[in-house]
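Turn these sequences into a full structure, and let the hints guide you.
Sequences listed follow chains G and V, in order. When we follow our numbering, the leftmost residue of the first sequence carries the number 1, and every step to the right adds one. When we follow our numbering, the leftmost residue of the second sequence carries the number 1, and every step to the right adds one.
Derived from the structure by calculation, the hints contain no laboratory data. Every residue, glycine too, gets a C-beta built ideally from N, C-alpha and C. One should not assume that every hint holds.
Claimed, not checked - Using C-beta positions, here's what the derived DEER-type ranges look like: (1) 490/V / 164/G: 39 to 49 Å; (2) 445/V / 117/G: 37 to 47 Å; (3) 70/G / 404/V: 36 to 46 Å; (4) 585/V / 117/G: 36 to 46 Å; (5) 139/G / 523/V: 24 to 34 Å; (6) 67/G / 441/V: 39 to 49 Å; (7) 67/G / 494/V: 51 to 61 Å; (8) 70/G / 421/V: 53 to 63 Å; (9) 552/V / 164/G: 41 to 51 Å; (10) 117/G / 371/V: 38 to 48 Å; (11) 117/G / 401/V: 53 to 63 Å; (12) 441/V / 187/G: 39 to 49 Å; (13) 583/V / 67/G: 49 to 59 Å; (14) 151/G / 526/V: 47 to 57 Å.
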Amino acid sequence: MSVVVSGSFFLSCSKPSQVHGHLNFQNPMPRWKQNFTVVRCCNRSSWEKPRAQNNYYELLGVSLDSNAQEIKEAYRKLQKKYHPDIVGQKGHEYTLMLNEAYEVLMKEDQRRKYDESLGQMRLRFDNNDMPLGYSTWKGPSRPQALFVDENACIGCRECVHHASNTFTMDEVHGCARVKVQFGDDDQNIEVSIKSCPVNCIYLVEAEELAVLEFLTQPQPKEGYGIFGGGWERPGNVFKAAESFRKQLKREAATRQSQRTGGTVEETPAQAEARAHASMNIKLESFLKTWKWVKEALGMNIN
Amino acid sequence: MLNSLPMFLLMIIYVKSMYEYDTKWGMAEPAAYTVASDSETTGEEKSSSFPEIAIGVDIGTSQCSVAVWNGSQVELLKNTRNQKMMRSYVTFKDDIPSGGVSSQLSHEHELLSGATIFNMKRLIGRVDTDPVVHSSKTLPFLVQTLDIGVRPFIAALVNNMWRSTTPEEVLAIFLVELRALAEAQLKRPIRNVVLTVPVSFSRFQLTRIERACAMAGLHVLRLMPEPTAVALLYGQQQQQASHDNMGSGSEKIALIFNMGAGYCDVAVTATAGGVSQIKSLAGSTIGGEDLLQNMMSHLLPDSESLFKSHGVKEIKLMGLLRVATQDAIHRLSSQTSVQVDVDLGDGLKICKVVDRDEFEEVNKKVFKKCESLIMQCLQDAKLEVEDVNDVIIVGGCSYVPKVKNLVTNIFKGKELYKGMNPLEAAVCGAAVEGAVASGINDPFGNLDLLTIQATPLAIGIRADGNNFVPVIPRNTTMPARKDVVFTTIRDNQTEALILVYEGEGKKAEENHLLGYFKIVGIPAAPKGVPEINVCMDIDASNVLRVLVGVVMPGSRQPAIPVMEVRMPTVDDGHGWCAESLNRTYGATLDLVTLQKKA
Chain G
1 MSVVVSGSFF
11 LSCSKPSQVH
21 GHLNFQNPMP
31 RWKQNFTVVR
41 CCNRSSWEKP
51 RAQNNYYELL
61 GVSLDSNAQE
71 IKEAYRKLQK
81 KYHPDIVGQK
91 GHEYTLMLNE
101 AYEVLMKEDQ
111 RRKYDESLGQ
121 MRLRFDNNDM
131 PLGYSTWKGP
141 SRPQALFVDE
151 NACIGCRECV
161 HHASNTFTMD
171 EVHGCARVKV
181 QFGDDDQNIE
191 VSIKSCPVNC
201 IYLVEAEELA
211 VLEFLTQPQP
221 KEGYGIFGGG
231 WERPGNVFKA
241 AESFRKQLKR
251 EAATRQSQRT
261 GGTVEETPAQ
271 AEARAHASMN
281 IKLESFLKTW
291 KWVKEALGMN
301 IN
Chain V
1 MLNSLPMFLL
11 MIIYVKSMYE
21 YDTKWGMAEP
31 AAYTVASDSE
41 TTGEEKSSSF
51 PEIAIGVDIG
61 TSQCSVAVWN
71 GSQVELLKNT
81 RNQKMMRSYV
91 TFKDDIPSGG
101 VSSQLSHEHE
111 LLSGATIFNM
121 KRLIGRVDTD
131 PVVHSSKTLP
141 FLVQTLDIGV
151 RPFIAALVNN
161 MWRSTTPEEV
171 LAIFLVELRA
181 LAEAQLKRPI
191 RNVVLTVPVS
201 FSRFQLTRIE
211 RACAMAGLHV
221 LRLMPEPTAV
231 ALLYGQQQQQ
241 ASHDNMGSGS
251 EKIALIFNMG
261 AGYCDVAVTA
271 TAGGVSQIKS
281 LAGSTIGGED
291 LLQNMMSHLL
301 PDSESLFKSH
311 GVKEIKLMGL
321 LRVATQDAIH
331 RLSSQTSVQV
341 DVDLGDGLKI
351 CKVVDRDEFE
361 EVNKKVFKKC
371 ESLIMQCLQD
381 AKLEVEDVND
391 VIIVGGCSYV
401 PKVKNLVTNI
411 FKGKELYKGM
421 NPLEAAVCGA
431 AVEGAVASGI
441 NDPFGNLDLL
451 TIQATPLAIG
461 IRADGNNFVP
471 VIPRNTTMPA
481 RKDVVFTTIR
491 DNQTEALILV
501 YEGEGKKAEE
511 NHLLGYFKIV
521 GIPAAPKGVP
531 EINVCMDIDA
541 SNVLRVLVGV
551 VMPGSRQPAI
561 PVMEVRMPTV
571 DDGHGWCAES
581 LNRTYGATLD
591 LVTLQKKA
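Below is the structure:
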């Protein structure tokens, strides 16, 4: 019997609807497996939801907003790689997890429940003192800042390896991000920027950093009844930041025009205001966080 | 298991004397067999130098065949009489039995003289309370039942003497012949096989098939439900087609309807890029044999009472009627009416004209069942008739016009899938799986295939009184692992009986008992407090393990060592086993499902 069944294994499945784990792969581990082990090992304190222990999306290598077709294709591709018929008994545990992930994500109601549990976990992280996803500064203030495009990042850990005080792995999203701006000496940072196989580490303007770091985080999508919902992040974070800035400018301009030409030209201003009304409502929530980010950052810089 | 051992050893001696194999092939090493029959059948055994390609074997109720991947395609092996399809029977003459692979029958009637045993696939692993066993009593050899839930007594008439045998032995004899045939043609020793089995086979029946293979010195690499073997072949054809068209290889849904002489199986498969996902399976013990028996009792209404005594005369009579009816049914596939003219002796003569409508009317129930199997399968797969891209009919009964009609009617006149030989599809699929599971690679990507299987029957335990509580439901993707938490029904209950069943019935006794064991040492606590976790794990080679642990609330550690039991543990007589357990323990060691606290 090649699967080792121990007491601890059993406990890991002692709660129904829980993902089970124990991998005894001899091969060098791909990323998801390392993640998985790490996630599993983290202390199981009482508040932690058992389901949150690994991410089905990450396991299947699909994005949070992927449709059934994409999930199906990813599932088949992985099955072809890891099914016990192909790799033998050692694929058993992994295939079990794949089957569970597939079962949940393919059923609309189960997927929504799962997404909710994921969201809860993430909100909990966000409420912690350390706002996950925002970098802190070390040393003197600089005009430029480091930024990892998490959409492009393949999670190779190269940068973490070379400059571990600066970069960190986000195990939930499976990508690297900046923990401390310039936490290592410049030479190490240069090596890690160069070693990135997809060139996703950028030097950006320091004032742009907060916007980028805010936008790169997956945001909850608005749901309409049973449709929509879930989480998404902009496909190109730089473009998103640009349009965000434009929106800010436009808003400022609108306010200006409202203040100056109050009574003179009523109809065009009204039309413009109406056009931007919905945008303003949306922006309000953005701005709140934006201010908060500024505050947090300001404190860190000082 | 002990009582079957002498027969088992006898078998080896018989095998040894009959086929003088090179001993280095490990043919006559009893130790190897006993291990093979009870060890797990994983596909880990890669031979030292180069991977041995497992052969695909289809042992049907009436016909069997063997095929192998020859490096570029599937090749069906022929016997010395140039037959691809060989009759599944064993004739006991003098001392040496001979099977349908090698021997030549002088006449069909010889098959029905009482010395020939066939239809064993219908009887293997069944107890004598099973209606299928009872309906097999009209076969022209001895099937005796005691109706207490033990295996039936089966015997062949040799020189006016009843010589007893078992379904396993009969299957093993022609598996040995098939193996010899393959070894002679492939010029290499054969050890690994992929066998096709009916969907409705219980796990206990599967162990009987494995036992028969072990007796024949074969190692079972996979037991594939028949329609899933066809699904694999379909997956291969689709992939080749998409290669040719440079197509994107979009997903295709196929419904496979396989009706042979003994069993009727349905599967729904979703195929894309060489991966076939089995969405649902359904199967039943109905087939050509039922058509034949219904027709026989139609032609000779009091046949059952007539054949009860199983005298030499009756057997001959039974044989004559069987051959005539079989012939009539075959002819009805192409003609609308046939003349049945048979002299059964003793002034008993049948002279009748039977038309197709009559035949269909007599077998109305069988065809109704076929329809309900298809509908159930579609429903389980959560698909509509319109979602199905291809409808595939295979098996011997696919030649019956009514079967074709009922399938096309369900699918609103959709044209049936062509490009598959109805009789060879299953064995070809098994051969492809044999190559895939042996780790063979094909440079053209023809073996870049995978079948993701599903469990055909639910598995669970007896709980909540006499109910069957499934732990792994039907049509769960394999490999599978699920668990359910149970608890005690009385205060300070320290022991609990776990009865593992397989099937679809609501009541425990409507299902097949797979095994049982007792949990002892549960810490004394009020009822409903201890959490008894029953976890079931099925791996890709279909090995079922049941794990039971007891956890007390507030603790993260199991209170007693976890029990792990490989199923099935029952070896025989599962009918009276459950009754006896029930008599001894009643409900004292029962469990109930623990309601999850919200």
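Do the beta carbons of residue 67/G and residue 441/V sit within 39 to 49 Å of each other? 33 Å, violated
CB of residue 151/G to CB of residue 526/V, is that within 47 to 57 Å? 55 Å, holds
Given a hinted range of 38 to 48 Å, is it respected by the beta-carbon distance of residue 117/G and residue 371/V? 42 Å, holds
Outcome of range test on Cβ distance (residue 490/V, residue 164/G; 39 to 49 Å): 58 Å, violated
How does the Cβ-Cβ distance of residue 552/V and residue 164/G compare with 41 to 51 Å: does it lie in that range? Cβ of residue 552/V to Cβ of residue 164/G: about 43 Å, so the range 41 to 51 Å holds.
For the pair residue 70/G and residue 404/V, does the Cβ-Cβ distance stay inside 36 to 46 Å? 39 Å, holds
Could one say that the CB atoms of residue 445/V and residue 117/G fall in the range 37 to 47 Å? 40 Å, holds
Does the beta carbon distance between residue 583/V and residue 67/G stay inside 49 to 59 Å, or does it fall outside? Holds - the Cβ-Cβ distance for residue 583/V and residue 67/G, about 56 Å, lies within 49 to 59 Å.
With 51 to 61 Å as the target window, see if residue 67/G and residue 494/V comply at their CB atoms. Roughly 52 Å apart at Cβ, these two residues keep to the hinted range, so it holds.
Between the beta carbons of residue 139/G and residue 523/V, is the distance compatible with 24 to 34 Å? 59 Å, violated
Determine whether the Cβ-Cβ distance between residue 585/V and residue 117/G falls within the hinted range of 36 to 46 Å. 41 Å Cβ-Cβ, so the 36 to 46 Å window holds.
Quick check: does the Cβ-Cβ distance between residue 70/G and residue 421/V fall within 53 to 63 Å? 37 Å, violated
Comparing the model with each numbered hint stated earlier shows that hints 1, 5, 6 and 8 do not hold.
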